[in-house]
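Student: Given next are the chains, with one letter for each unit.
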Amino acid sequence: MNKPLPNSFRQGPDVQGRFGQFGGRFVAETLMPLILEVEQAYEAAKRDPAFDAEWRRLLTHYVGRPSPLWFAERLTNHLRANSASEGLGAKVYFKRDELNHTGAHKINAVLGQILLAKRMGKTRIIAETGAGQHGVATATVCALFDLPCTVFMGATDVERQQPNVFRMKLLGAEVMPVTSGAATLKDAMNEALRYWVANVEDTYYCIGTVAGPHPYPVMVRDFQSVIGEEAKQQMMAAEGRLPDALVAAIGGGSNAMGLFYPFLDDASVKMFGVEAAGHGVETEQHAASLTKGRPGVLHGNRTYLLQDAHGQITEAHSISAGLDYPGVGPEHSWLHELGRVQYVSATDDEALAAFQLCSKLEGIIPALEPAHALAHVMRLAPTRPKDEILLMNLCGRGDKDIFTVARHLGVEM
Amino acid sequence: MSRIAAKFAALKAEGRKALVTYLQGFDPDRETSLALLRGLPGAGADLLELGVPFTDPMADGPSIQRAAQRALRVGATLPGVLELVRAFRAGDDTTPVVLMGYYNPILAYGVDGFCADAAAAGVDGLILVDLPPEEAGEIEPQAQAAGIDLIRLVAPTTDDARLPRVLQATSGFVYYVSITGITGTRSATAASLEEAIPRIRRHTDLPIAIGFGIRTPQQAGDAARLADGAVVGTALVDTLAASLDEDGRARPETVGLVLEQVRALAGAVRAG
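Chains as they are written, first to last, in this note's numbering: chain A, 33 to 445; chain B, 6 to 277.
Because the hints were derived from the structure by calculation, they are not lab data.
Wrong hints could be hidden among the right ones.
Listed next, with one range per pair, are the computed distances between beta-carbon atoms [unchecked claim]:
(1) A:Thr211 to B:Arg230: 35 to 43 Å
(2) B:Ala150 to A:Thr211: 54 to 62 Å
(3) B:Thr194 to A:Arg88: 41 to 49 Å
(4) B:His208 to A:Glu314: 17 to 25 Å
(5) A:Glu206 to B:Arg191: 16 to 24 Å
Which residues of chain A face chain B? A partial, calculated answer using Cβ under 8 Å [claimed, not checked]:
(6) Met64
(7) Ser115
(8) Lys150
(9) Arg151
(10) Glu206
(11) Ala215
(12) Asn222
(13) Leu225
(14) Val329
(15) Leu330
(16) Ala341
(17) Ile345
Each residue gets a CB set at the ideal place from its N, CA and C atoms; glycine is no exception.
So that you can see chain A by itself, here it is in the shape it has in the complex:
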């Protein structure tokens, strides 16, 4: 990557909503006026202290923030025991966003977006969901604010994430199974966009990740940055210094962006985004868009996509429904090309192993999404000196995944 590095990695996007060549607003004309309205409303909300105060009040008293920073001592000792020499085995910390209300980081940005939708006078909320975590978070906040909510979810995901489907229904949301394509997250997003085009007057589309047309990538990143801001303070309090490396799973990339963003200009902090390698990045069955894709345009933004030679989008695969997406947020594409963040991958099997290890050693059942991040921590920590610190975003809990995991382990439930 022989490109000149910017003075700051925290200055994007530009007025066109671009991070370098990535991002933008590739939407149908029908949606364009609404996208511009969302942008203006978000800019105004950002400048309004009352908006921030209300969001933070909800984060504290409804979500339970700040989420703890946890020194995973037994995991650290286990990885040290597996390292090649005495001086190796970095300290592993978890940022515990799995303890949030609804069980994942998604609710941070959902609260911000629903407050925005209310400011805009929108009376109906739609969302797409893969694993169901974003759908549950959106249904939850809509229940709290008494807003009708429709969640689009691929029929394949409806099947493999039954507990979350039932949760959404309990919360009063309507779940629309999407049968087009492979019936996963990409198709759910297509269908949500189609619904939005037909209901622009009263509907706000609450996007679950740092992708989509501008301003969604920057807006969701800003809301999720609460993760990294807290983690920075907590790490200073715990260790008196910044961590040496951050590790987070990447589907669309919202939990990673939220953790990374506040640290981007801290040159000593290395960053690893972990994509889902499914059955392996050498096979056709993975979701590693940065590792194996190339830039293209889908869902309103230019970014790295899994696609064939003719620009047709190919299906992603991952054991984790939340990572099963052939694209990635545009800011990640930019950070990838600049080399600021290293993007690696973990397979289904590696994630399953990490899932089980974390459960046994730390008494924490992680979601399959952060289990991918943990798989990389398990590779990385044993190769780093003992005095180094790795901070991983444990962005969701695994209750929703126990059926999937049981099936893969051959256990009847």
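Once you've looked at the hints, dock chain B against the given chain A.
Tutor: Chain B alone, transformed into the frame defined by chain A:
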């Protein structure tokens, strides 16, 4: 003069409006698709929109989504669609052909090479659903250099403040999306069209075609009377789909059924 401008000028001289038809390229296969293209002008289609199949057609309803899947299954690609236009052009040098689709296949082809190759194949215009004026810089210079019109969509949500910006980036004709919605779902009311078309006319001298939700000869005639042309897509795609065998393959009557419907639509548009 471009084929599009020449066609609208000729129609104006004849005192009639345009029937614009939409079919997906390679639906359900290359040969049927080419036979349809060749038959359309004779059945009364004045301009031909040819959909470029894409895996994720976000502005399209179920009918055109399925058409794209049928086309992709038989190996449709953007180079294949250009070849189809070339084959059509060999026998027809006047009927304008407009490619309609999404940006990513063009991006994968390479924008510079695509515009040059499309012009050489005989493509006259492009409708790129996910490329609003804000992103026009992506392809506008190359399209202009190649002499290809960029036909913009104007929607009910495009207000007076925004209209000049959209129209300034438009050439060939203006495509008025008559409903807030996706293709083939519902139809606009006459009242909404009677308000919308004069509003656009105040900002442009370009011909205006109305599309989305026009299914019947009656609706096509009404739209054509208000504007300069009517676009019919999903209704034709539905007729094509209904004529296929259980494996999604064309039957001997497929082409004839679609062209028969085009004749009825053209009759209504011409009567208006």
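Student: None of the hints should be skipped; say for each whether it holds.
Tutor: To see whether the hints hold, each was checked on the structure:
no.	hint	verdict
1	A:Thr211 to B:Arg230: 35 to 43 Å	holds, 39 Å
2	B:Ala150 to A:Thr211: 54 to 62 Å	violated, 43 Å
3	B:Thr194 to A:Arg88: 41 to 49 Å	holds, 46 Å
4	B:His208 to A:Glu314: 17 to 25 Å	violated, 55 Å
5	A:Glu206 to B:Arg191: 16 to 24 Å	holds, 20 Å
6	Met64	holds, 5 Å
7	Ser115	violated, 45 Å
8	Lys150	violated, 21 Å
9	Arg151	violated, 20 Å
10	Glu206	violated, 19 Å
11	Ala215	violated, 13 Å
12	Asn222	holds, 5 Å
13	Leu225	holds, 5 Å
14	Val329	holds, 5 Å
15	Leu330	holds, 6 Å
16	Ala341	holds, 7 Å
17	Ile345	holds, 5 Å
Violated hints, listed in ascending order, are 2, 4, 7, 8, 9, 10, 11; each of the other numbered hints is respected by the structure.
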